[in-house]
Amino acid sequence: MSAQPVPPVPSSAVPQNAVAAAPERNVVDQAPKGEVVLKITDLCVRFPSDEGPVNAVQDLTYEARLGRTLAIVGESGSGKSVSSMAVLGLHNPKRSSITGSILLDGTEIVGADEATLRKLRSNTAAMIFQDPLSALHPFYKVGNQIAEAYLAHNSVSKDVARKRAVEMLELVGIPNPQRRAKQFPHEFSGGMRQRAMIALGLVNNPKLLIADEPTTALDVTVQAQILDLVKSLQREFGSAVILITHDLGVVAEVSDDILVMYAGRAVERGLAKDVLARPQHPYTHALLQSLPSASEDSDQLQTIKGTPPSLVNLPSGCSFHPRCTARDRVPGDACATVLPDLRVSSPGRQIRCHLANPEQVLAQEGAS
Amino acid sequence: MLIYIARRAIMAVSVILVVLVATFLLFFAGPADPAQSMCGETRCTTQRLEDIRRSLGTDRPVAIQFKEYFQGLLVGRDIYVSGSPKHCEAPCLGFSFRTGVEVKDALATRFPNTAMLALMSMVIFLSVGVSTGVLAARRRGSGLDRGIVGFSQVFGSIPSYITGLLFALNFTVLYPLLPRYANRSDGIAGWIAGLVAPAIILGLFYATGYVRYARASMVDTLNQDYVRTARSKGISEQTVVYKHGLRAALSPVVTILGLDMAGLLSGTLITEQIFGVDGIGRFAIESLRNDDLPIIMGTVLIGCVLVVIMNLIVDIAYSFLDPRVRLS
Numbered sequence: 001m002s003a004q005p006v007p008p009v010p011s012s013a014v015p016q017n018a019v020a021a022a023p024e025r026n027v028v029d030q031a032p033k034g035e036v037v038l039k040i041t042d043l044c045v046r047f048p049s050d051e052g053p054v055n056a057v058q059d060l061t062y063e064a065r066l067g068r069t070l071a072i073v074g075e076s077g078s079g080k081s082v083s084s085m086a087v088l089g090l091h092n093p094k095r096s097s098i099t100g101s102i103l104l105d106g107t108e109i110v111g112a113d114e115a116t117l118r119k120l121r122s123n124t125a126a127m128i129f130q131d132p133l134s135a136l137h138p139f140y141k142v143g144n145q146i147a148e149a150y151l152a153h154n155s156v157s158k159d160v161a162r163k164r165a166v167e168m169l170e171l172v173g174i175p176n177p178q179r180r181a182k183q184f185p186h187e188f189s190g191g192m193r194q195r196a197m198i199a200l201g202l203v204n205n206p207k208l209l210i211a212d213e214p215t216t217a218l219d220v221t222v223q224a225q226i227l228d229l230v231k232s233l234q235r236e237f238g239s240a241v242i243l244i245t246h247d248l249g250v251v252a253e254v255s256d257d258i259l260v261m262y263a264g265r266a267v268e269r270g271l272a273k274d275v276l277a278r279p280q281h282p283y284t285h286a287l288l289q290s291l292p293s294a295s296e297d298s299d300q301l302q303t304i305k306g307t308p309p310s311l312v313n314l315p316s317g318c319s320f321h322p323r324c325t326a327r328d329r330v331p332g333d334a335c336a337t338v339l340p341d342l343r344v345s346s347p348g349r350q351i352r353c354h355l356a357n358p359e360q361v362l363a364q365e366g367a368s
Numbered sequence: 001m002l003i004y005i006a007r008r009a010i011m012a013v014s015v016i017l018v019v020l021v022a023t024f025l026l027f028f029a030g031p032a033d034p035a036q037s038m039c040g041e042t043r044c045t046t047q048r049l050e051d052i053r054r055s056l057g058t059d060r061p062v063a064i065q066f067k068e069y070f071q072g073l074l075v076g077r078d079i080y081v082s083g084s085p086k087h088c089e090a091p092c093l094g095f096s097f098r099t100g101v102e103v104k105d106a107l108a109t110r111f112p113n114t115a116m117l118a119l120m121s122m123v124i125f126l127s128v129g130v131s132t133g134v135l136a137a138r139r140r141g142s143g144l145d146r147g148i149v150g151f152s153q154v155f156g157s158i159p160s161y162i163t164g165l166l167f168a169l170n171f172t173v174l175y176p177l178l179p180r181y182a183n184r185s186d187g188i189a190g191w192i193a194g195l196v197a198p199a200i201i202l203g204l205f206y207a208t209g210y211v212r213y214a215r216a217s218m219v220d221t222l223n224q225d226y227v228r229t230a231r232s233k234g235i236s237e238q239t240v241v242y243k244h245g246l247r248a249a250l251s252p253v254v255t256i257l258g259l260d261m262a263g264l265l266s267g268t269l270i271t272e273q274i275f276g277v278d279g280i281g282r283f284a285i286e287s288l289r290n291d292d293l294p295i296i297m298g299t300v301l302i303g304c305v306l307v308v309i310m311n312l313i314v315d316i317a318y319s320f321l322d323p324r325v326r327l328s
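The listed protein sequences correspond, in order, to chains A and B.
Note that my numbering has the first sequence beginning at 1, numbered continuously upward.
Note that my numbering has the second sequence beginning at 1, numbered continuously upward.
Looking at chain B on its own, in the form it has when it is part of the complex (with noise of 0.2 angstroms):
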């Protein structure tokens, strides 16, 4: 076990590494210039424009940026900021281009409010999508299951940008009924209540897709020979059917469910940005239209190491709902 996680280990630092460089030569290779963004239009002096890129220090080859940011990450490092060092400690991430706030500070302020809406969001979905699933299974062909696989597919596909802005419009506008988005230093109550919206909708729209997997794990577990074997034991239609069916059917579910949370904690664009969360999702689409390297990198930074644990959890996880599957 501890081999395993180790080897996992290995394979998570070098996935991340090839992300960093890769985001890295992007963000040089594209029309992106900080310091012609910082100068601003009208009275950029090619001298200011120099001095920007110096201070921000991109005027040096890339390779050599590169070193210096990944030292920081290991072992912190110097920066100069508008003309004085600032330490910077490891795991350094930089400091904002834009304002010159650490980068690590600024994500670490904004992840509760991304983490506590995927958590409120996965609550519904799960709740919903897998209840919602299982019922279909069970009354396959029915009406029922067609207007269930039918809705979710067609709330499903229409765009959460659409649903999202309908929604906090009616809900949160017109009707308040549910409380706008307070920031969490004003009051824990206010600022999960705030979430609340935001939470259904991402939360239904994610219900869609788990209704349809929960249904088609549930069918096919249902018509397996160890259903059957259950229910020719006299155990009871519940038994049989969530001990027995639910239990195997959740398996691939564990593993869609990993991935959909590393992507909801590394931040959700549309939603955050309609329901004014201020979190990590909000946060990365800031920085890419101001070209703030250093955040822009954070923001990767975090959605990786987020991918690399969230699949080694579902490894582990695994492990305890199959116990044909041994981690070795």
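Extracted from the complex, chain A is given alone in its bound form (with noise of 0.2 angstroms):
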């Protein structure tokens, strides 16, 4: 791909890092090459709870292709990360339900039984964890935590699955792997942590990474690190990364693809640079406002009005209008009656709104 002429980039709204970190990809590439390696159609995800049923994941279809980097955006709540480690069949059948299909390399995971699980964890797609302080065994060591997956799936001895995994903790750059690997995880640092459990991630050499929230317990600084250590290793072992986050900024750095969701459902989905740049759903669009700009002048911080629905009772219609700004611009009270489609909205371009003509809307909203 990088072999490809670079096409002039329209340089009036998309940010500087979104282009500087994807420059190889033409806007009007709307086809995405790269085999599908995970297949989701109409997931649907509930747990029971006192109050009614949570819907935490409605209706929601995606894909992840070998090469690229989808990012999945939203809230707290907004379903990212439950849909995900439904991926994996992470969640306890017994407290939730599943409708839907999940197609991992050509295996259906919804319903599929724990035998089927166990094979494919880690093996064809692998997690890694938001806090990787709590997401490691306090009580091993790192090494052997890594080792362990090596050998869950590969029939070797202790001895050669150590040495694959002080190998892994050199390739994701942690110096003295050998010490390193007997160390407990309190004896790394945070990013060096977040380094062993990418490590862990793919020691099977996994077809799919799914990455939740990875940076969001680093300095800054490491962030930055860690994300270019997922890229660089993307693109050594051609996996499929899903990358979960509410920051937009490391959407912009790392991702080919974005999806974004709002109160368990898809709302925009398109190419990273595009949607970015032309945001063409009202929470998109009010996610991009509220990003801190170290530029602008003003001291007050930008916020979307309103607080995310309760996934038990979800309001009528869009589940976003009781906080759209451009609700007005709707004839009617469809939005608060009518839940939209996931429809084409432009070439290459998903939403889930009643807008006709979302981009000038947002534009003008933007500007105002």
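In short, the hints are calculated from the structure, not lab data.
Quick caveat, the model's predicted, so the values are computed rather than measured.
Worth double-checking, as some hints may not be accurate.
In silico SDA-like links for lysine to any residue, alpha-carbon gap of 25 angstroms or less [said to hold, decoys possible]:
1. A:Lys94 / B:Glu237
2. B:Lys243 / A:Ser76
3. A:Lys94 / B:Arg140
4. B:Lys243 / A:Asp131
5. B:Lys243 / A:Ser155
6. B:Lys243 / A:Asp113
7. B:Lys243 / A:Leu90
8. B:Lys243 / A:Leu133
9. A:Lys182 / B:Ser157
10. A:Lys182 / B:Tyr318
11. B:Lys243 / A:Ala161
12. B:Lys67 / B:Cys88
Join the two chains into one complex using the hints; note that each chain is given alone, in its own frame.
As structure tokens, this is what we get:
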């Protein structure tokens, strides 16, 4: 892909870092290449609760392709983590109800038995969790924790698995990996711990790597290093990466595609660069507006008014309508009564919104 | 590590000292007069009472008595028992006011009975309690879970003297399925067999607590991120639950185990009484009834030392269980 000629990028509203991060990709390239590793169709995840079923994820459809990074963006409780945990079958079937289809490398995950899931976990799809301190077991040596995942899928001796763990630690840039492998997670710094977590995720060379807010618990400087690491490893292994985040700065840096979620549903999908430059859904727009900017003179942070809705009692119609500023641009009260479909709004872009000409409306919003 | 143990030892000695002084003072502050109870009600003359007091040494100031007691602990001392001096080697716990037997020996013959009972019940409450607790935690919210928790609460809240008495009555007397307590000197096998009944009652009673500790700890651990990480590796559910879950869930249980064992090893008053086990607990009650200060002091000292030792063992065990704990 890097061999392709670099087309001129419309400089209008594209954030500088987004351009720098993905200069090789063509804006009009609407047919992403790479084999589909993960295909999620009409996924619904519900958890029973005392107040009624919690609709954590509804009608979610997306796919992840080898060699590409898909960012799933949304506030807490938007269903981004829940949906990705479902990919590994990590929800307790007794305490959740999952419908729809999750095809992971050709295997159906929804309703799959434990043995099937075990074979796929770490081997086909692996996950990196948000807080590496709590995600690594405090009682076991880092090297052994990595080796355990390797042993689960390869019939090798413990020694071979431990050597593999050391190799992985070296690969993710941990100095003195031989010694580090024999240490416990609490002896690692935060960034090192996340590197170890990545080593654990990649030890079986999975086709899909799901990174659930991998940089949230880290210092800003370390965040960049970790993102660079994920990117370079992805290039090396050619795997598909799903990056779950609420940080749009992170998305701009590393993702090819973006999926914005709100209250359990996808509200906007498209190429990351396009969506960030010209958001079409009022929620995406509001998220971008609320990014603090160093250049702006305002000492006031932009926020999205209101609070995320309860997943037990979702608002009627469009879930976002109570907080939506563009709501009065839609004739009638369609926003409050009719749930919009996820529709193709422009080539390579899908939004779940009643606005007929969202880009124009939002451009005016931003200017005002 | 050595410095840590040394510091703990110094603290332990001071704790023991404070408890000994307190016990001494409490004894004399109360209406206890060993001479009076030895003298009897009817033919007790003032002269006889004085003589008994003198021979016991309780006529002297409390401070001096304590000094001598403490001296005896450290270097040994001579004690007048019914007129003639007897040497008592360090650590000297004195002679029984009542029987004249050396306290050390009296405790030494009874301690194995209590210790064996404690160990046997520990095997029961740990295996039954932890495994049931883990089972409840894995099926959290199910009918089985509620049944286990409910039963453990009901059983645990019935005083052990009721369940113990009923059990003893039913299974060693009415339907003698289990043998009654026999002395160790009559054969080890019979001795152990006789301890089965009290160990079951004690074990089940304590197990009710361990079911709940283990369940709570396990529920908490199974919700930890590292258990989710373990599950995402593709290892078996057994490995996830036991290697990753139970290992971490055991730490808090070990703390309680240490204290419980200290309590059990220093004697179970009621169970020993009901099942006729000649242990430290029953001995302590007897000595209290007889105002037998040296024996009371002896049992208190044992209890104290056991609590301190058990806490030390727990702390050391902790550093092996949890690598984040460094003893320094």
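Self-check item: 25 angstroms limit on alpha-carbon distance, applied to hinted pair Lys243 (chain B) and Asp131 (chain A)
Solution: holds (21 angstroms)
Practice problem: Mind checking the alpha carbons of Lys243 (chain B) and Ala161 (chain A) for me, to see if they're no more than 25 angstroms apart? | Solution: Cα-Cα ~18 angstroms, so holds.
Quiz item: Are Lys182 (chain A) and Tyr318 (chain B) close enough, with their CA atoms no more than 25 angstroms apart?
Solution: holds (20 angstroms)
Quiz item: Is it true that the CA of Lys243 (chain B) sits at most 25 angstroms from the CA of Ser155 (chain A)?
Solution: holds (20 angstroms)
Quiz item: Does Cys88 (chain B) lie within 25 angstroms of Lys67 (chain B) when you go C-alpha to C-alpha?
Solution: Roughly 15 angstroms between the alpha carbons, so the hint for Lys67 (chain B) and Cys88 (chain B) holds.
Quiz item: If you draw a straight line from the CA of Lys243 (chain B) to the CA of Asp113 (chain A), is it 25 angstroms or shorter?
Solution: Holds: Lys243 (chain B) and Asp113 (chain A) sit about 22 angstroms apart, inside 25 angstroms.
Quiz item: Is Lys243 (chain B) close enough to Leu133 (chain A), meaning Cα to Cα at most 25 angstroms?
Solution: Distance of about 18 angstroms is within 25 angstroms: holds.
Practice problem: Mind checking the alpha carbons of Lys94 (chain A) and Glu237 (chain B) for me, to see if they're no more than 25 angstroms apart? | Solution: With Cα atoms ~15 angstroms apart, Lys94 (chain A) and Glu237 (chain B) stay inside 25 angstroms; holds.
Quiz item: Is the straight-line distance between the alpha-carbon of Lys94 (chain A) and that of Arg140 (chain B) 25 angstroms or less?
Solution: holds (10 angstroms)
Quiz prompt | 25 angstroms Cα cutoff - pair Lys243 (chain B), Leu90 (chain A) | solution = Given pair Lys243 (chain B), Leu90 (chain A) holds - Cα atoms ~18 angstroms apart, limit 25 angstroms.
Exercise. For the pair we were handed, Lys182 (chain A) and Ser157 (chain B), check the Cα-Cα distance against 25 angstroms.
Key: violated (47 angstroms)
Exercise. Below or equal to 25 angstroms on CA atoms is what counts here, so check Lys243 (chain B) against Ser76 (chain A).
Key: violated (31 angstroms)
Hint violations for this structure: numbers 2 and 9, all remaining hints satisfied.
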